[in-house]
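Got chain A sorted already, so can you dock chain B onto it with the hints?
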Amino acid sequence: MSTNENTNTATPAMNRSVGMPGHMKIIFVVLLAVLIALPFMVYPVFAMKVMCFALFACAFNLLLGFGGLLSFGHAAYFGMASYVCAHAAKVWGLTPELAILAGTVTAALLGLLIGSLAIRRQGIYFAMVTLAFAQMVYFFALQAEFTGGEDGIQTVPRNDLLGLFPMGDDIVFYFFVLFVTFGGILFIYRITHSPFGQVLKAIRENEPRAISLGYHVNRYKLTVFVLSATFAGLAGATKSQVFHLASLTDVHWSMSGEVVLMTLLGGMGTVLGPIVGAVIVVTMQNYLAYLGAWVTVIQGCIFVIGVLMFREGIIGVLSKIFKKPL
Amino acid sequence: MLQASGLTKEFKGFVAVNNVDLTVERGTIHALIGPNGAGKTTFFNLLTKFLQPTSGKIIYDGKDITSKSSADIARLGLVRSFQISAVFDDLTVLENVRIAMQRRRGDSYDFWRSEAVLGQYDDEARGYVESVGLGDFINHRAAELSYGRKRALEIATTLSLEPDMLLLDEPMAGMGQEDVERISALIKRISEGRTILMVEHNLSVVANLSDRITVLARGEVLAEGDYDTVSKSPEVIEAYIGAGHD
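These protein sequence lines map, in sequence, to chains A and B. Per the numbering used here, the very first residue in the first sequence carries number 1; after that it's consecutive. Per the numbering used here, the very first residue in the second sequence carries number 1001; after that it's consecutive.
Possibly wrong hints are sitting among the right ones.
Claimed, not checked - For each label pair, taking beta carbons as the anchor points, the in silico distance ranges come out as:
# : chain 1 : residue 1 : chain 2 : residue 2 : range
1 : A       : V30       : B       : D1089     : 25 to 33 Å
2 : B       : I1138     : A       : H23       : 18 to 26 Å
3 : B       : D1061     : A       : V304      : 17 to 25 Å
4 : A       : K320      : B       : F1011     : 55 to 63 Å
Said to hold, decoys possible - If you only want the chain A side, here are some residues facing chain B, beta carbon under 7 Å, derived:
#  : residue
5  : H193
6  : F196
7  : E205
8  : N206
9  : I211
10 : T223
11 : H244
Worth flagging that the hints you see were computed from the coordinates, not collected in a lab. Where a beta carbon is used, it is the ideal one built from N, C-alpha and C, also for glycine.
So here's chain A without its partners, still in its complex pose (with noise of 0.2 Å):
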């Protein structure tokens, strides 16, 4: 809680150098440029799968990259939230935006449970710790009654967006898509580049240091550790507006696998290598799908050759050719 916010609003020094870098600007107009016309090139349905799986991997890196924690249990915030969202659409008939909403504070509950846990832990075991709840979350979504075990929840509608506009049509509710996954991966930008955001990278660099300095490190922790989980959750919820389904794949561990992979194939603790790293992985899974279970082969192969080569991903090779955060 900061003290002393009218003197921090007013300092001449804010406006030196306001928001964002300029390069990332141009970088992030282009982007939203090239994802208005995305839609009239490709399937819609597909750039929104992309999208959403950006924003997941945008989550999950503010933990890994931002806050040095690796969960191996990010499955179970996208999943139940992903479940929660459907029900709620298909079940109390929410409007997308309110179900939506639903996945995603159940979401960030669930990680405030989870996470409270799992921070007392570190390294190996953290990551086996988060495992281990989202395995048990894995199973509650395979026996509880309203996720519909084996089937999920399918034929969930899309309901008219705040009770006025039908959502209906792919191509406009990709533009809703757009806006909620585009602006999350921005938050997320701005969480990194906060004064909470200068905290944390301090903790990821030094613990003791952070500690000796006064800093309840443990706190800031959870705070970051929820905030990855919320995001998930709104990917999680979104990705099942889009294709009117959640199933087990999305609480599944391979899920925690597939965000993981992500990351470091784009580079984690960059801003865009998360954005990078979902575009192909998904594209690989879509366009290469008729090789069957070929694609996990190819998978692990450019992981392997990604790990060898370039251990920054390709993001953080790039930024430091260009000698510049990306």
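What follows is chain B alone, placed relative to chain A:
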């Protein structure tokens, strides 16, 4: 200023710090010396609660801090440094200092606000950076600094918290002679109006800087006094050189 009484830390089957009493007077530089394994760093960790004492009591500035958390102790103005240099490698020199000053805003959980608000600390942070002679490196990443400069940056960071008391854990460890002199002078300067407790191996530094010295050996206080008293104590000579030299 700081008073530890009966401080003990037992690890399984081993007593690292045994019933240590130590009083650091306000405004002095107090040195803690002793052979390797004497328990100096453990003692430091107990004072700042990075380790939980098995028994004993710590009073700082009239307040019992025995059951407080490390972060809360730092907030009371008792700030420690580390044996290995503790800077934030991926942040710039300026940001390193600023992260400490940011504590003045209270907690920084405001993830929705731009980091531009931290610009309000830039000028003062620059002052601290320049005061330790790092003005030319202000926008460099801390990872790029030499060892001696990292230690200087650490001191600048610590100072920006304006602590009443500093605990320095081997501030000269691994430094060349030139750096030792620079950091000695810096410590002397910052001791104005502050209390300092430091662990140090370099005896000439200890002799020059400290008002009072406590010698620890095998987890216990062996001797205490000014440099002349301590250096002539037969127990201390024995502990440093070893028994059986008579």
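Checked hints:
1. Restraint check, V30(A) to D1089(B): a C-beta distance of roughly 32 Å satisfies the suggested window 25 to 33 Å.
2. A hinted range of 18 to 26 Å holds for the C-beta pair I1138(B) and H23(A), which are about 22 Å apart.
3. Evaluation of the 17 to 25 Å hint for D1061(B) and V304(A) yields a failure: the beta carbon distance comes to about 57 Å.
4. Restraint check, K320(A) to F1011(B): a C-beta distance of roughly 44 Å breaks the suggested window 55 to 63 Å.
5. Given hint, H193(A) at the interface with chain B, holds; its Cβ is 5 Å from that chain's nearest Cβ, closer than 7 Å.
6. Given hint, F196(A) at the interface with chain B, holds; its Cβ is 4 Å from that chain's nearest Cβ, closer than 7 Å.
7. Hint status for E205(A) relative to chain B: holds, with the closest Cβ pair at about 4 Å, below 7 Å.
8. Hint status for N206(A) relative to chain B: holds, with the closest Cβ pair at about 6 Å, below 7 Å.
9. Taking 7 Å as the C-beta contact cut-off toward chain B, the hint placing I211(A) at the interface holds, the least distance being around 5 Å.
10. Using the Cβ-Cβ criterion of 7 Å, the hint placing T223(A) at the interface with chain B is satisfied: the shortest such distance is roughly 6 Å.
11. Taking 7 Å as the C-beta contact cut-off toward chain B, the hint placing H244(A) at the interface is violated, the least distance being around 33 Å.
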